[in-house]
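Novice: Take these sequences, add in the hints, and give me the full structure.
Protein chains in written order, with the UniProt record's numbering: chain W, 1 to 345; chain A, 1 to 345.
No lab work stands behind these hints, which were simulated from the structure alone. Do not rely on the hints blindly, as some may be mistaken.
Identical chains blur together in the list; that is why a pair holds if it fits in one copy or across any two.
Lysine to any residue pairs mimicking SDA-like chemistry, simulated, CA-CA at most 25 Å apart [claimed, not checked]: (1) Lys-226 / Ser-297; (2) Lys-44 / Asp-138; (3) Lys-155 / Glu-109; (4) Lys-143 / Asp-9; (5) Lys-335 / Leu-289; (6) Lys-193 / Asn-15; (7) Lys-44 / Val-159; (8) Lys-142 / Glu-311; (9) Lys-226 / Asn-75; (10) Lys-142 / Asp-41; (11) Lys-335 / Phe-286; (12) Lys-183 / Leu-237; (13) Lys-155 / His-101.
Quick caveat, the model's predicted, so the values are computed rather than measured.
Number of protein chains: 2
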Amino acid sequence: MSKKTTIYDIAEKLNITAATVSRALNGNPKISEATRQLVNDTAKEMNYEQNKLALALKSGKSFNVGVIVPRIDSNFFASVIRGVEDELYPQGYHVIICQTHDQKSVEIENINSLLNAQVDGILMSISNSGPEETRNFDQLLKKNVPLIFFDRKEKIPGVSSVTIDDFKGGYQATQHLINQGCKRIAHLSNNRKIEIFEKRYLGYKQAIIDNGLEFDESLVIETMSKVDEGRKSTKILLDMPEPPDAIFSSSDFVALGAIQEIKSRGINIPEEFCVVGFANEPFTRFMELSITSVDQSPVEMGRIAAQVFLEEVGNSKKIKSERQVVLTPELMIRKSSLKSSVLAK
Amino acid sequence: MSKKTTIYDIAEKLNITAATVSRALNGNPKISEATRQLVNDTAKEMNYEQNKLALALKSGKSFNVGVIVPRIDSNFFASVIRGVEDELYPQGYHVIICQTHDQKSVEIENINSLLNAQVDGILMSISNSGPEETRNFDQLLKKNVPLIFFDRKEKIPGVSSVTIDDFKGGYQATQHLINQGCKRIAHLSNNRKIEIFEKRYLGYKQAIIDNGLEFDESLVIETMSKVDEGRKSTKILLDMPEPPDAIFSSSDFVALGAIQEIKSRGINIPEEFCVVGFANEPFTRFMELSITSVDQSPVEMGRIAAQVFLEEVGNSKKIKSERQVVLTPELMIRKSSLKSSVLAK
Numbered sequence: 001m002s003k004k005t006t007i008y009d010i011a012e013k014l015n016i017t018a019a020t021v022s023r024a025l026n027g028n029p030k031i032s033e034a035t036r037q038l039v040n041d042t043a044k045e046m047n048y049e050q051n052k053l054a055l056a057l058k059s060g061k062s063f064n065v066g067v068i069v070p071r072i073d074s075n076f077f078a079s080v081i082r083g084v085e086d087e088l089y090p091q092g093y094h095v096i097i098c099q100t101h102d103q104k105s106v107e108i109e110n111i112n113s114l115l116n117a118q119v120d121g122i123l124m125s126i127s128n129s130g131p132e133e134t135r136n137f138d139q140l141l142k143k144n145v146p147l148i149f150f151d152r153k154e155k156i157p158g159v160s161s162v163t164i165d166d167f168k169g170g171y172q173a174t175q176h177l178i179n180q181g182c183k184r185i186a187h188l189s190n191n192r193k194i195e196i197f198e199k200r201y202l203g204y205k206q207a208i209i210d211n212g213l214e215f216d217e218s219l220v221i222e223t224m225s226k227v228d229e230g231r232k233s234t235k236i237l238l239d240m241p242e243p244p245d246a247i248f249s250s251s252d253f254v255a256l257g258a259i260q261e262i263k264s265r266g267i268n269i270p271e272e273f274c275v276v277g278f279a280n281e282p283f284t285r286f287m288e289l290s291i292t293s294v295d296q297s298p299v300e301m302g303r304i305a306a307q308v309f310l311e312e313v314g315n316s317k318k319i320k321s322e323r324q325v326v327l328t329p330e331l332m333i334r335k336s337s338l339k340s341s342v343l344a345k
Numbered sequence: 001m002s003k004k005t006t007i008y009d010i011a012e013k014l015n016i017t018a019a020t021v022s023r024a025l026n027g028n029p030k031i032s033e034a035t036r037q038l039v040n041d042t043a044k045e046m047n048y049e050q051n052k053l054a055l056a057l058k059s060g061k062s063f064n065v066g067v068i069v070p071r072i073d074s075n076f077f078a079s080v081i082r083g084v085e086d087e088l089y090p091q092g093y094h095v096i097i098c099q100t101h102d103q104k105s106v107e108i109e110n111i112n113s114l115l116n117a118q119v120d121g122i123l124m125s126i127s128n129s130g131p132e133e134t135r136n137f138d139q140l141l142k143k144n145v146p147l148i149f150f151d152r153k154e155k156i157p158g159v160s161s162v163t164i165d166d167f168k169g170g171y172q173a174t175q176h177l178i179n180q181g182c183k184r185i186a187h188l189s190n191n192r193k194i195e196i197f198e199k200r201y202l203g204y205k206q207a208i209i210d211n212g213l214e215f216d217e218s219l220v221i222e223t224m225s226k227v228d229e230g231r232k233s234t235k236i237l238l239d240m241p242e243p244p245d246a247i248f249s250s251s252d253f254v255a256l257g258a259i260q261e262i263k264s265r266g267i268n269i270p271e272e273f274c275v276v277g278f279a280n281e282p283f284t285r286f287m288e289l290s291i292t293s294v295d296q297s298p299v300e301m302g303r304i305a306a307q308v309f310l311e312e313v314g315n316s317k318k319i320k321s322e323r324q325v326v327l328t329p330e331l332m333i334r335k336s337s338l339k340s341s342v343l344a345k
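Specialist: Here's what the structure looks like:
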């Protein structure tokens with residue numbers, strides 16, 4: 001790496017003081033036009049102009065905003081980021097992205113990397129694995145760098161969030177399966193220490209109770225959001241003495257794994273077994289056997305998270321506002337759970 | 001935004017000079033242990049320790065590496081990034097990601113954002129639309145910030161790249177279609193000003209010529225890498241007086257759109273019409289009608305690009321090495337192009 005050109009290098013070359021160089025670069029009216037021109041030309045020649053950073057340090061703004069997500073190769077997170085970009089780009093902000101691979105330790109390092117990169121704010125969806133102790137966002141909050149959660153959040157006083165009504169999403173999905181005549185509905189959840197998964201589970205449970213069906217905790221399995229894991233958990237369910245007749249999964253990837261396992265056993269979907277996923281990943285509609293899923297309006301979620309950031313970055317540090325925006329989910333009914341026998345009724 | 005704590009604030013609080021604060025923070029032996037301790041404690045109390053940035057400016061290293069990709073929601077690019085992370089993370093580097101949405105203007109702004117964020121290097125795959133003039137990477141190159149291209153590159157002397165043999169990928173895919181008995185093979189290309197698409201096209205063309213088939217330029221359509229665009233281009237092909245009997249697409253998303261259009265006309269895949277994509281996106285194997293595609297070893301590509309970066313960042317600026325690494329593609333044959341009639345032979 002080359003050493004960066006500093007105002008001292010420019011001062012030395014021109015045989016003037018660093019203070020004069022600094023004033024000239026910052027357009028201080030005390031400096032003559034001729035000197036300003038000379039300093040600017042020399043700075044350019046010595047490749048200094050990149051040091052917008054110094055300016056950023058001064059104004060306290062870099063116009064970079066950091067977004068931290070568990071993974072980028074999920075259409076859901078990519079769409080949220082798209083929404084964030086759509087909203088921030090016209091305001092002159094750029095978005096830089098980090099992924100945690102759902103590791104808390106990486107999440108902490110990502111926050112530090114983004115702070116070192118002098119971002120003006122961080123929008124994030126927390127990861128779901130790692131040590132049990134609570135995350136420490138104090139560092140970040142002390143610096144008054146706005147932090148906004150989307151989708152997966154922690155409850156921190158003063159920190160805004162944009163989420164969907166996950167309870168309702170879980171309830172709707174389960175009610176739909178009950179309407180299809182399913183009696184014994186399993187739930188492939190994820191780490192329920194994460195609020196969104198707990199709420200989807202609670203929505204599922206409530207729908208079962210409200211419809212007078214028996215709630216059986218043994219039909220609930222925590223499963224990482226991966227196709228193979230979905231397959232494994234479905235094996236366990238199908239090998240039970242009293243297997244379920246439907247699965248509501250809190251992940252589309254897990255739902256896909258479930259479908260692969262169910263089909264491999266010659267069980268007919270949806271006539272004998274219904275499956276519903278969550279997140280409305282594009283592959284759910286590309287499949288020949290398209291998958292019913294819960295849409296979370298990710299682009300909208302990203303746009304709103306960005307709007308909340310713009311509000312917060314515009315506030316003086318004395319104003320502490322906290323917004324909790326909750327979007328309404330939408331069930332997208334497709335082949336994996338739509339029985340023609342029910343349709344005919 | 002709050003004002004950042006500076007060494008001047010610490011100096012004022014302790015009633016010592018900024019130079020002393022700076023020396024103490026940097027462990028200068030001229031400073032007594034008592035003063036060093038006092039400065040460190042005060043810095044911590046005033047929340048200064050985040051200014052690793054100042055240290056980064058001094059050492060010329062931030063341990064952040066920027067990756068610029070056309071889009072993050074493509075498994076190919078996400079997998080390259082995974083490879084980059086796998087390689088750099090153990091070396092203490094963090095990866096921050098920007099996407100261009102295939103817009104050259106955004107690409108330039110991304111480069112500036114990453115330079116402002118003081119990255120130690122940029123790994124990028126160029127975007128394929130925008131003004132025609134050549135990109136200007138001079139700024140970047142002058143700063144001696146290592147630039148490494150992967151997959152989509154420009155030819156710039158001294159700049160390394162990691163690509164796959166796209167000519168071979170195009171040739172293999174087309175040869176496979178010819179082996180299946182296809183006689184009139186169309187090609188859905190992308191912007192052929194981008195080297196990878198030109199090479200896939202040339203590989204396709206050469207395979208046709210080598211097998212003594214007629215090469216028909218009207219069967220080649222440039223198509224943006226989107227499902228809907230693939231559908232549109234396929235409509236054009238199928239409406240020709242002499243429609244093709246196979247499509248080799250330089251994109252899996254376009255191949256998917258092609259399949260949707262072909263099926264919607266009641267044409268049987270693969271018996272009447274074969275389709276091959278490119279990039280081996282996961283959905284190509286998830287589909288009931290799985291899609292033949294060309295695998296590009298993206299994780300490997302990312303790992304190697306990261307290794308090249310580590311070499312370059314370790315070099316003194318006087319050593320200019322340029323590496324052009326070319327990986328071999330692998331054709332993954334699946335249902336969309338495998339005729340049982342041919343299998344039986």
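Novice: Decide, hint by hint, whether the structure agrees.
Specialist: Going through the hints against the structure:
1. Taking the shortest alpha-carbon separations for Lys-226 and Ser-297, both the intra-copy value of 22 Å and the inter-copy value of 20 Å come in at or below 25 Å.
2. For the homomeric pair Lys-44 and Asp-138, the shortest alpha-carbon distance between copies (13 Å) is at most 25 Å, but the shortest distance inside one copy (40 Å) is not.
3. Within a single copy, Lys-155 and Glu-109 get their C-alpha atoms as close as 21 Å, which meets the 25 Å cut-off; across copies the closest is 35 Å, which misses it.
4. For a Cα distance limit of 25 Å, the shortest separation of Lys-143 from Asp-9 across copies, 15 Å, qualifies, whereas the shortest one inside one copy, 32 Å, does not.
5. For a Cα distance limit of 25 Å, the shortest separation of Lys-335 from Leu-289 qualifies both inside one copy, at 6 Å, and across copies, at 16 Å.
6. With identical chains, the CA atoms of Lys-193 and Asn-15 are never at most 25 Å apart, being 63 Å at best within one copy and 49 Å at best between copies.
7. In this assembly of identical chains, Lys-44 and Val-159 lie within 25 Å of each other by CA distance solely across copies; the values are 23 Å between and 42 Å within a copy.
8. Taking identical chains as interchangeable, the C-alpha atoms of Lys-142 and Glu-311 lie at most 25 Å apart only when both belong to the same chain, with a minimum of 18 Å there against 38 Å between chains.
9. For a Cα distance limit of 25 Å, the shortest separation of Lys-226 from Asn-75 qualifies both inside one copy, at 14 Å, and across copies, at 14 Å.
10. Proximity of Lys-142 and Asp-41 under a CA criterion of 25 Å is satisfied inter-copy only: 16 Å between copies versus 40 Å inside one chain copy.
11. In the homo-oligomer, the alpha carbons of Lys-335 and Phe-286 lie at most 25 Å apart both inside one protomer (11 Å) and across protomers (16 Å), since each shortest distance falls under that limit.
12. Within a single copy, Lys-183 and Leu-237 get their C-alpha atoms as close as 15 Å, which meets the 25 Å cut-off; across copies the closest is 49 Å, which misses it.
13. In this assembly of identical chains, the alpha carbons of Lys-155 and His-101 lie at most 25 Å apart only when taken from the same copy (21 Å versus 33 Å across copies).
In summary, the one numbered hint that this structure violates is 6.
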